[in-house]
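Enquirer: Here the protein sequences come in this chain order: E and L.
Read the first sequence against the numbering used here and you will find it ends at 67, with the numbers running on by one and no gaps.
Read the second sequence against the numbering used here and you will find it ends at 336, with the numbers running on by one and no gaps.
Some hints here could point you the wrong way.
Claimed, not checked - These stretches of chain L come out as covered by chain E in the derived footprint (C-beta under 8 Å, 3 or more residues):
1) 309-317
2) 321-327
Stated by the list, open to error - Computed beta-carbon distance windows for the label pairs:
3) L:P289 with E:P50: 33 to 39 Å
4) E:K41 with L:R119: 56 to 62 Å
5) L:A167 with E:D31: 55 to 61 Å
6) E:G3 with L:R301: 40 to 46 Å
7) E:R28 with L:R119: 19 to 25 Å
8) E:P50 with L:P142: 18 to 24 Å
9) E:K41 with L:G229: 36 to 42 Å
It is worth saying that the hints were derived from the structure and are not from the lab.
Quick caveat: nothing in here was measured; it's all calculated off a predicted structure.
Heads up, the beta-carbon is just placed ideally off N, CA and C, and yes, glycines get one too.
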Amino acid sequence: MSGELDEAVRALLEHSLRAWRVHGKIRREADGTWLIAAANKRVRVARAPPGLPFRWTVADAERSRTR
Amino acid sequence: MIPVAVLTGFLGSGKTTLLRRLLRHPDFARTAVIINEFGEVGLDHDLVEASEESLVELQTGCLCCAVRGDLALTLEDLLRRRDAGTVTPFERVAIETSGLADPAPILHTLMSDAGLARRLALAGVVATVDAVNGRATLERYPQSVKQVALADRLILTKTDLAHGQYADLAARLAALNPTAQREQASFGEVDPARLFDTGHPASLRARDLSAWLGLDAHDDAAAAGHHAGISCFAILRHEPFKAVALTLLLEALAEHCGADLLRLKGIVNIAENPDRPAVIHGVQHVFHPPVWLDRWPSRDRRSRLVCIGRDIQQAWIEALIHAIEAEVAEVVAIGA
Numbered sequence: 001m002s003g004e005l006d007e008a009v010r011a012l013l014e015h016s017l018r019a020w021r022v023h024g025k026i027r028r029e030a031d032g033t034w035l036i037a038a039a040n041k042r043v044r045v046a047r048a049p050p051g052l053p054f055r056w057t058v059a060d061a062e063r064s065r066t067r
Numbered sequence: 001m002i003p004v005a006v007l008t009g010f011l012g013s014g015k016t017t018l019l020r021r022l023l024r025h026p027d028f029a030r031t032a033v034i035i036n037e038f039g040e041v042g043l044d045h046d047l048v049e050a051s052e053e054s055l056v057e058l059q060t061g062c063l064c065c066a067v068r069g070d071l072a073l074t075l076e077d078l079l080r081r082r083d084a085g086t087v088t089p090f091e092r093v094a095i096e097t098s099g100l101a102d103p104a105p106i107l108h109t110l111m112s113d114a115g116l117a118r119r120l121a122l123a124g125v126v127a128t129v130d131a132v133n134g135r136a137t138l139e140r141y142p143q144s145v146k147q148v149a150l151a152d153r154l155i156l157t158k159t160d161l162a163h164g165q166y167a168d169l170a171a172r173l174a175a176l177n178p179t180a181q182r183e184q185a186s187f188g189e190v191d192p193a194r195l196f197d198t199g200h201p202a203s204l205r206a207r208d209l210s211a212w213l214g215l216d217a218h219d220d221a222a223a224a225g226h227h228a229g230i231s232c233f234a235i236l237r238h239e240p241f242k243a244v245a246l247t248l249l250l251e252a253l254a255e256h257c258g259a260d261l262l263r264l265k266g267i268v269n270i271a272e273n274p275d276r277p278a279v280i281h282g283v284q285h286v287f288h289p290p291v292w293l294d295r296w297p298s299r300d301r302r303s304r305l306v307c308i309g310r311d312i313q314q315a316w317i318e319a320l321i322h323a324i325e326a327e328v329a330e331v332v333a334i335g336a
């Protein structure tokens, strides 16, 4: 992930929590996954593995979504 | 394209009084007016030229049509009759909403019904506001707030009864919808042209386009306001948008903001077509196809997006734009 995209994703996640008035924390893990801990949930935003027809996955404990 | 004005306003705001006067006005000829019930408008017998169950032709040259269940079907039927020559060849349409109505579904019908969108163009939303009771109405009734927030033009009625005591109301209207043009009407008197000259983007002149966007063409400052959870702000950008980035942005806004995105309108510099700006217009989750202008209305080629929404933050939209553009740039770089 490019540095600019890295920063843009972090900023968007932070602004999203503020916009939705949800207290939470955002952390980037060693493998590049974004972990958002908020409102008693833990959501992981990650790059999809190569070769798949989508670029991102969003997962919480029960379900995942792709983009 | 036949322009369509939507006339809205809360109960008792003077909407029907205004409409009743317009129906008698010679300059309102060749207008098809769609109302909920004939009884509400109170058409005088001396005004009626011909009538049937749901359609009345007036001596002034107006057509008055009562909605029969579905607005889209009513409009289609009206257009069919016009094409067949069985009604006055009206040149514009005015749709009166009920006093408690949310105008958004009407706008969605006009914007998203393919058959109607080929023949009809939204000319704007005009909302009446009672100068005497409007302030209290805005406090108590969310429907009235939405009617004002969606309007292109606000007509302050009963100003003769308010005795000049409506500065507070005017300030609230400005905070709720700083982009709407505002004027006053006493005893329901208004120039019929004012219903239709809020502007369809493709026909807007430079001055009107700036007014439609709520921005002064000579001033970088964007109109902004906040009232009752509704905020209005403008995003100005020097950098052109890549077409795919704009598409992704509008999709993201529609998906994540939905009904809270009351209105989004703007003029956008598209990187792939910098000499022809795109005018965009959305109501909640429905976006009108972009209108491409032949040229920029002025030397200012910045993109300007005006957003009126509930609990939508400008910083969030700007962060979203930045993230989408970074994503698009990475995809382009990979593909290069």
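Enquirer: Determine for every hint whether it applies to the structure shown.
Expert: Hints versus structure:
1. 309-317: It holds: at least three residues are needed, and the segment 309-317 of chain L offers 5 whose Cβ sits within less than 8 Å of chain E.
2. 321-327: Three-residue rule met by the segment 321-327 of chain L, so holds; n is 5.
3. L:P289 with E:P50: 33 to 39 Å: With a Cβ separation near 35 Å, P289 of chain L and P50 of chain E satisfy 33 to 39 Å, so the hint holds.
4. E:K41 with L:R119: 56 to 62 Å: Given about 48 Å between the Cβ atoms, the range is violated.
5. L:A167 with E:D31: 55 to 61 Å: Cβ of A167 of chain L to Cβ of D31 of chain E: about 60 Å, so the range 55 to 61 Å holds.
6. E:G3 with L:R301: 40 to 46 Å: Once the Cβ atoms are compared, 29 Å apart, the range 40 to 46 Å for R301 of chain L and G3 of chain E is violated.
7. E:R28 with L:R119: 19 to 25 Å: Because 53 Å falls outside the window, the suggested range is violated.
8. E:P50 with L:P142: 18 to 24 Å: violated, 48 Å
9. E:K41 with L:G229: 36 to 42 Å: violated, 25 Å
When each numbered hint is compared with the structure, violations occur for hints 4, 6, 7, 8, 9.
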